[in-house]
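Using the hints provided, position chain B relative to the given structure of chain A.
Given next are the chains, with one letter for each unit.
Number of protein chains: 2
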Amino acid sequence: MIKTLAVIGVGLIGGSFSRALKAAGAVQRVIGFDLDSENLTEALQLGVVDEIAADYASAVSSADLVFLAVPVRAMTAAVAACAPYLPAGCVVTDGGSVKEELVAACEPLMPEGCHFVGGHPIAGTEHSGAKASFATLFQGRRCILTPTSRTDQQALELVQRLWEAAGSRVECMEPLTHDRVFAAVSHLPHMVAYALVHAVDRSAEEEENILAFSAGGFRDFTRIASSDPSMWRDIALMNRLPLLAVLDRYQQEFAALKEKVAVGDGAWLENYFTTSKRLRDEII
Amino acid sequence: MIKTLAVIGVGLIGGSFSRALKAAGAVQRVIGFDLDSENLTEALQLGVVDEIAADYASAVSSADLVFLAVPVRAMTAAVAACAPYLPAGCVVTDGGSVKEELVAACEPLMPEGCHFVGGHPIAGTEHSGAKASFATLFQGRRCILTPTSRTDQQALELVQRLWEAAGSRVECMEPLTHDRVFAAVSHLPHMVAYALVHAVDRSAEEEENILAFSAGGFRDFTRIASSDPSMWRDIALMNRLPLLAVLDRYQQEFAALKEKVAVGDGAWLENYFTTSKRLRDEII
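These protein sequences, in sequence, are chains A and B.
Per UniProt numbering: the first sequence = residues 1 to 284.
Per UniProt numbering: the second sequence = residues 1 to 284.
In case anyone wonders, no lab produced these hints; they're calculated from the structure.
This one's a predicted model, so the numbers in the text were calculated from it and none came from an experiment.
Do not rely on the hints blindly, as some may be mistaken.
Which copy is meant is left open, because identical chains are indistinguishable; a pair holds if it fits in one copy or across any two.
Quick list of in silico lysine to aspartate or glutamate cross-link-like pairs, EDC-like style, CA-CA up to 16 Å [to be verified]:
| # | residue 1 | residue 2 |
| --- | --- | --- |
| 1 | LYS258 | GLU51 |
| 2 | LYS3 | GLU205 |
| 3 | LYS22 | GLU38 |
| 4 | LYS131 | GLU42 |
| 5 | LYS277 | GLU42 |
| 6 | LYS22 | ASP50 |
| 7 | LYS277 | GLU126 |
| 8 | LYS260 | ASP248 |
| 9 | LYS3 | GLU51 |
| 10 | LYS277 | ASP228 |
| 11 | LYS131 | GLU164 |
| 12 | LYS258 | ASP50 |
| 13 | LYS22 | GLU51 |
| 14 | LYS3 | ASP50 |
| 15 | LYS22 | ASP64 |
| 16 | LYS3 | GLU259 |
| 17 | LYS3 | ASP64 |
| 18 | LYS22 | GLU205 |
| 19 | LYS258 | ASP36 |
| 20 | LYS260 | ASP64 |
If we strip away everything but chain A, and leave its shape as in the complex, we get (with noise of 0.2 Å):
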């Protein structure tokens, strides 16, 4: 489908993202560049990559896509440090988390006759790193492509033919579509579990018991709250309108949930209970 990939970000979605296609035999060559020179050393040994660049430059001035899978907030940067030397005709893409600041940011930043779509693809580990990396971890999992009026879609059918290739199924969503969604589904839970372990925290400075008995349940139910913190700034910083949004509409739901505990009203308890197990059912 393509001859040479060139990956920025060598990391478990970039390196992933290589071993999907070279898999599928869907590209000949990848070349591999990252600012962690370890983690790119590694990279290469593990044959992750087929090649490492030293520098932007040459990572992508032989290739026909562009691959960045960087922390979102260096993700314009990147973007903008490849641009000067991508080739005509190349195609870019990214895996960024969050789409709209991103999206309006890289497309201006395309040389005449190279493109670029935003994309993101649903799927992780716990794990990060190069070493992490593995060929399976899009297979059956959804990837989004975020296309502007501005996209080619010559372009985007290439992208959505290679994420295909690594197993994924791609829907096509507008940037803002997406941070709505995924500040909903996404965004708001995790702000929801970190506020929550700091409370439990809080509470045990009152009740020294409580620490100990803070297993089982809370376990699950926190576990996106080990998640890394400086990915999460980021998303909270580059995604704030949609995401206050959802968390105001949060703040009504258990401020209206604390009054009716206040006033005791056990029919609405119930039926709010009744309400969200139905719901919860459903989407699930």
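Relative to chain A, chain B alone:
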């Protein structure tokens, strides 16, 4: 250890207690009573209990120990219904998940020579009824007993030995301490999850794609929002003040987090998420 055990409420908890003690050879004969006669018949057919009683009086009148495992809202009334028929020396204990209000109500109901010991086995499954019970439910799980200044020491020791025979690790705690601990580590997470499901559902009214993407992380996080609504109504009503204290603490944490998202304070957010991760990893 005892000759006759009466189990009032032969569901998952009551039935499993009976099975566990029979399996351990800690009881000679178990009499069951349940307001749900279909469930009670099934308990007999499945051998969960040895005999079934037609009313509270015949269930408890020959019992050395009475174990009540009815919904918490019905517990005090069930203890009151048994009290006139308790033989001298009988020990009464319960499995209710809220303790302060219940222990305070049940202790004075005991006739002369009979003793109440509050308890809360930390075990359960998503299923209910006698057919869901099994002998190893309490194996390796904690059981909290909540003695007070009025508790008879021999009665406490008997109840402790029985739970140990059922495979549990027994810990004693004041009733109010119990309620504060579980408000923080169990009741608060449930309220947080119930509100989350509602907030996501409200978001879905504005953005149709949301429900389609609600699986994955959201699934684990909201499992507890599928818990039995009437049980959680009762817990919210009966543990009102300790629950309000932690709901309040949570509301403060969430408001602080939202404010920092609103102003885009990346350093604060990263620090908050880092602390969450550390606290959570310490707790688990």
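Consistency of the hints with the structure:
Taking CA atoms no more than 16 Å apart as the test, LYS258 paired with GLU51 passes in neither setting, with 58 Å inside one copy and 44 Å between copies. Neither within a single protomer nor between protomers do LYS3 and GLU205 lie at most 16 Å apart by alpha-carbon distance, with minima of 59 Å and 45 Å respectively. In the homo-oligomer, the alpha carbons of LYS22 and GLU38 never lie at most 16 Å apart, since the shortest distance is 22 Å inside one protomer and 61 Å across protomers. In this assembly of identical chains, LYS131 and GLU42 lie within 16 Å of each other by CA distance solely inside one copy; the values are 7 Å within and 55 Å between copies.
In this assembly of identical chains, LYS277 and GLU42 lie within 16 Å of each other by CA distance neither inside one copy nor across copies; the values are 47 Å within and 27 Å between. Within a single copy, LYS22 and ASP50 get their C-alpha atoms as close as 10 Å, which meets the 16 Å cut-off; across copies the closest is 65 Å, which misses it. Only between protomers do LYS277 and GLU126 lie at most 16 Å apart by alpha-carbon distance; the minimum there is 13 Å, versus 28 Å within a single protomer. For the homomeric pair LYS260 and ASP248, the shortest alpha-carbon distance between copies (13 Å) is at most 16 Å, but the shortest distance inside one copy (19 Å) is not.
Within a single copy, LYS3 and GLU51 get their C-alpha atoms as close as 14 Å, which meets the 16 Å cut-off; across copies the closest is 77 Å, which misses it. For the identical chains of this complex, LYS277 and ASP228 are inter-copy neighbours only, at 8 Å across copies versus 30 Å inside a copy, given an alpha-carbon limit of 16 Å. For the identical chains of this complex, LYS131 and GLU164 are neighbours neither inside a copy (23 Å) nor across copies (46 Å), given an alpha-carbon limit of 16 Å. Neither within a single protomer nor between protomers do LYS258 and ASP50 lie at most 16 Å apart by alpha-carbon distance, with minima of 57 Å and 45 Å respectively.
With identical chains, the CA atoms of LYS22 and GLU51 are at most 16 Å apart within one copy only, with a shortest distance of 13 Å there and 67 Å across copies. For the homomeric pair LYS3 and ASP50, the shortest alpha-carbon distance inside one copy (12 Å) is at most 16 Å, but the shortest distance between copies (75 Å) is not. Within a single copy, LYS22 and ASP64 get their C-alpha atoms as close as 15 Å, which meets the 16 Å cut-off; across copies the closest is 71 Å, which misses it. For a Cα distance limit of 16 Å, the shortest separation of LYS3 from GLU259 qualifies neither inside one copy, at 62 Å, nor across copies, at 48 Å.
In this assembly of identical chains, LYS3 and ASP64 lie within 16 Å of each other by CA distance solely inside one copy; the values are 7 Å within and 81 Å between copies. Neither within a single protomer nor between protomers do LYS22 and GLU205 lie at most 16 Å apart by alpha-carbon distance, with minima of 53 Å and 41 Å respectively. For the identical chains of this complex, LYS258 and ASP36 are neighbours neither inside a copy (48 Å) nor across copies (33 Å), given an alpha-carbon limit of 16 Å. Taking the shortest Cα distances, LYS260 and ASP64 never come within 16 Å of each other, neither inside one copy (59 Å) nor across copies (41 Å).
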